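Chemist: Here's the letter readout for the chains.
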Amino acid sequence: MAISILVLAEQLRGGISDITYEMLGAGRAIAQALGVPLEAVLLGSGASQLASSLGAADKVFVADNPGLDLAAPEAVAEVVKTLIDKTGAGIVLVGCTNVSLGIGSILAARSQMPLVNFCRAIKVDGGALICTSQLFGGKILSDVKLADGRGIIGVYPGAFPLEQGRSPRTPPTEAIDVPVQPSKVRFKQYIKPETGDVDITKQNVLVAVGRGIQTQDNVQLAEELAQALGGAVCASRPVIDQGWLPLTRQVGKSGMTVKPRVYLAFGISGAPEHWEGMQNSQCIIAVNTDPKAPIFDGAHYGAVTDAVELLPVLTEKVKMRKG
Amino acid sequence: MNIFVVLKMVPDTVEELNVSQDGKSLDSEFLRFKLNDPDEHALEQALILKEKCGGKVTVIALDAPEVDDVLYTALAKGADRAVKIPVSQACLGTKATAKVLSDFFSSGREAVTLDTLVLAGSYAIDDLEGELAPMLAVHLGLPYLGVVSNVAASGPGLVVQKEFAGGLRGEFEVELPAVLGIQSAEKPPRYVPVAKVRAVMKSAKIEELEIPSPTDAVCLDVQRTYKPEAGGRAEIFEGSPEEIADKIVDALAKSGVI
Ligand SMILES: Cc1cc2nc3c(=O)[nH]c(=O)nc-3n(C[C@H](O)[C@H](O)[C@H](O)COP(=O)(O)OP(=O)(O)OC[C@H]3O[C@@H](n4cnc5c(N)ncnc54)[C@H](O)[C@@H]3O)c2cc1C
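Chains as they are written, first to last, in our numbering: chain A, 55 to 377; chain B, 36 to 293.
Next up, chain B with everything else stripped away, as it sits in the complex:
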């Protein structure tokens, strides 16, 4: 199988997010970036597939802070090639990003073959304009299924599981070539020691492929971006762990569970 994994960097929400002066976007000065969680699962699923049925895994990303580390880490985990498209991810909406990626596949250097599987995270936390994977599928003219949590090769195609709710899943047959939006891999993403990533940084190279920047970066008119007002804020228990524990026990007693 010829597997491509689209990796996207997103702001790390563990850090405080601040709105910039214009009141419309995030203040990029203090943003830290990390790989979008579901994308990490997409990579894991790709590596598992490769281990089970052979093939090649290529990771692709647009330029963003920290992205080289992420690409080297992917190589250290077992990806065969890493390609960076030197178009800045910052401020690009989903539509524009999908356009850049579809240009990548029609660049002449890469092509969708009969055994191509494109994996991306099912969604990202900044998908205001829509999710990337289904939009890319439309551009490439390929079938799509999202919220997928398990992928297995079966004959010339795939058998995949899609999540519904309450733990219920559906099994689907998907013909290749196809695009899948991965929600979680069948196993937790593997860990790779930093030393191995360092070694890969010395031995491997990230390829670069020039693609023209899209003319329309975003298609939505964002009027205002802000932090939600605290709704009915919780009554906060203060004090040492012992004091807090006492107050929680009181609340538990009041609820009648002890």
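Extracted from the complex, chain A is given alone in its bound form:
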């Protein structure tokens, strides 16, 4: 049984990341059902001050140590492990974000606790937990039972409502003194994205292309539609990785978060990492040859057809309508 639940809070550049509140909300629900306290741990410079915004936790452990700023995953795992040993926390929530990915795996390999990765839902069933994981790019879900209610849970960003993890109350904090070993992985500096020709976060209309666009030449078809609409072209990761568009045009987990009035997605499957970056668009229109593509589950409008064939037709029609 879990004696307590521990959330590994996440900060980046002096601010608490959204995933922290999402995990606190999820953690609070489990804590209530199991009748155990919800605790959080926050590491790095400024942790004592930032901890005041984690009022959803019953208690926050802080290690306000610059040596832990963007520390190597094993150093973070070490601190968390020390805390687990001290508090008897049976359930540990870690974000599946770029910042925290890897920490859960190291913790699982180091401790005897199992890890359930990419979790989107958690249900308490007696003393057990049923975690629902999203796999294969969002195409498959698996329900995993942690029979004794112990384990590390990798929490998917955006899966739990953020509001439930926010609280106006100031939580009690406890400073923890952890010796930080000199690490073989050392943070040096931030590298900001080169400011691109267009800022896709400021567009009314975005024409997004994914792997289904097939060739670099076809990206031009999307460019023409974007021009007709007075918007810009953006893309999913594979298109950027191919070098067909610059990094500043990437939407999703590692890319930009966009909220245009209309997001047109051509040949994008709707993987969770992409969805994360565009889910708050006011209107999502998806074009995909696969009627079962996950993007259709969240889009407002869709069409099951060849994007490459549709694009020029659509551009002409838009030009006609605009006159």
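It is worth saying that the hints were derived from the structure and are not from the lab. These numbers were taken from a predicted model, which means no experiment stands behind them. Take the hints with a grain of salt, since some may be wrong.
Computed cross-link-like contacts, SDA-like style, restricted to lysine to any residue with a CA-CA straight-line distance of at most 25 Å [to be verified]: (1) 262/B to 121/A; (2) 282/B to 352/A; (3) 59/B to 178/A; (4) 346/A to 250/B; (5) 69/B to 344/A; (6) 113/A to 72/A; (7) 256/A to 71/A; (8) 199/A to 250/B; (9) 289/B to 277/B; (10) 69/B to 99/B; (11) 376/A to 240/B; (12) 69/B to 191/A; (13) 242/A to 123/A; (14) 240/B to 174/B; (15) 69/B to 52/B; (16) 135/A to 226/A; (17) 238/A to 85/B; (18) 313/A to 281/A; (19) 373/A to 285/B; (20) 346/A to 62/B; (21) 256/A to 66/A.
Computed, partial: chain A to chain B, Cβ under 8 Å [claimed, not checked]: (22) 66; (23) 191; (24) 195; (25) 243; (26) 337.
Where is the CB? At the ideal position from N, CA and C, for every residue including glycine.
The hints should help you fit chain B with the ligand onto chain A, whose structure is shown.
Modeler: Below, chain B with the ligand without anything else, positioned relative to chain A:
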């Protein structure tokens, strides 16, 4: 540098995925396998490093359908050695896979040297139990950094970039030997003509190294595996491309963007 690249086959999600009779796993009958995307980037990054600062690239994979093609392709791209471990990847969880790979490094035939760099994809689409690279790092007692998108040699160590969000990256120094989880290589993976792969199949050999199968294949109790229910399904426009385009234009007009 002595570079090892761990390659893992995963089901190709372009194909329809079906759940097997037991309701817990994927039906393997119709699965097609491909190399895990980030692993392909790990290989590319390894080849770029070798071109820039010399060294040797060894690719390692567990047995899986189509894996020989992937290993020969890696050789055709410029890897020096390809090793297949005849333990079936199917049904092995991340923990067990990490164990097999760490046994590979302690087999006596291979060893972690001071200039060893182990690269693997940052994650795989079936990483239910965790990611392979950090677990392998723990077994090998090596430092680890994941979601890496650029690796350069610098003095005796490395300077690497890790992705955060919004295009923001962090630069890190990493001492060797180390394990890195690669998210994307600094350049798109190179293309190699099929004819060259065929030629390599005739001239080169895939080495095999026996490692005992792990006793615990998986450590999680999967109760049910299923396809997500369609949430608020999109309103689907039907018809010819012209008809569909008309309906999209109507939707654009309704949103006030034209
Ligand atoms: C740590 C991490 C960070 C990531 N960051 C990001 C990120 O920032 N942004 C991002 O996008 N992804 C990101 N990913 C990758 C993500 O998991 C997916 O792999 C990616 O979003 C898939 O892109 P896609 O939809 O273009 O390709 P696929 O998933 O391959 O989908 C292609 C789609 O095109 C359709 N199609 C094929 N041909 C046609 C045609 N002729 N016409 C119409 N449709 C067609 C197919 O049916 C399919 O649905 C990240 C992953 C991880 C783990």
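Chemist: Work down the list of hints and note, for each, if the structure agrees.
Modeler: Results for each hint:
Distance restraint check for residue 262/B and residue 121/A: the Cα-Cα separation of roughly 44 Å exceeds the 25 Å cut-off, and the hinted pair is therefore not satisfied. Distance check on the hinted pair: residue 282/B and residue 352/A sit about 19 Å apart at the alpha-carbon level, within 25 Å; holds. Proposed proximity of residue 59/B and residue 178/A is supported: the alpha carbons are some 20 Å apart, at most 25 Å. A C-alpha spacing of about 37 Å is found between residue 346/A and residue 250/B, which places the hinted pair above 25 Å, so the restraint is violated.
Between residue 69/B and residue 344/A the alpha-carbon distance is near 19 Å, which keeps this suggested pair within the 25 Å criterion. Distance check on the hinted pair: residue 113/A and residue 72/A sit about 19 Å apart at the alpha-carbon level, within 25 Å; holds. Between the alpha carbons of residue 256/A and residue 71/A the distance comes to roughly 22 Å, so the proposed pair stays at or under 25 Å and holds. A distance of roughly 21 Å separates the Cα atoms of residue 199/A and residue 250/B; the hinted pair therefore holds under the 25 Å criterion.
For the suggested pair residue 289/B and residue 277/B, the alpha carbons sit about 18 Å apart, so the restraint of at most 25 Å is met. Between residue 69/B and residue 99/B the alpha-carbon distance is near 10 Å, which keeps this suggested pair within the 25 Å criterion. A hinted pair counts as satisfied when its Cα atoms are at most 25 Å apart, and residue 376/A with residue 240/B does not qualify at roughly 62 Å. In summary, the hint linking residue 69/B to residue 191/A is supported, as the alpha carbons are separated by about 14 Å, within the 25 Å threshold.
Using a Cα cut-off of 25 Å, the hinted pair residue 242/A and residue 123/A holds, with the two alpha carbons roughly 10 Å apart. Proximity of residue 240/B to residue 174/B is assessed by CA-CA distance (about 29 Å); at most 25 Å being required, the pair is judged violated. Only pairs whose Cα atoms come within 25 Å are accepted, and residue 69/B paired with residue 52/B is accepted, the gap being roughly 14 Å. In summary, the hint linking residue 135/A to residue 226/A is supported, as the alpha carbons are separated by about 21 Å, within the 25 Å threshold.
In summary, the hint linking residue 238/A to residue 85/B is supported, as the alpha carbons are separated by about 22 Å, within the 25 Å threshold. Of the supplied pair hints, the one linking residue 313/A and residue 281/A holds, its CA atoms being roughly 19 Å apart against a limit of 25 Å. Using a Cα cut-off of 25 Å, the hinted pair residue 373/A and residue 285/B holds, with the two alpha carbons roughly 13 Å apart. Using a Cα cut-off of 25 Å, the hinted pair residue 346/A and residue 62/B holds, with the two alpha carbons roughly 18 Å apart.
For the hint linking residue 256/A to residue 66/A, the alpha-carbon distance of about 23 Å falls within 25 Å, and the restraint holds. Against a cut-off of 8 Å between C-beta atoms, the interface hint on residue 66/A holds, since the closest Cβ of chain B lies about 6 Å away. The interface hint given for residue 191/A holds, since its Cβ lies 5 Å from the closest Cβ of chain B, which is under the 8 Å cut-off. This hint holds: residue 195/A has a C-beta 5 Å from the nearest C-beta of chain B, less than the 8 Å allowed.
Interface restraint check: residue 243/A against chain B, minimum CB-CB distance 5 Å, threshold 8 Å, status holds. Using the Cβ-Cβ criterion of 8 Å, the hint placing residue 337/A at the interface with chain B is satisfied: the shortest such distance is roughly 5 Å.
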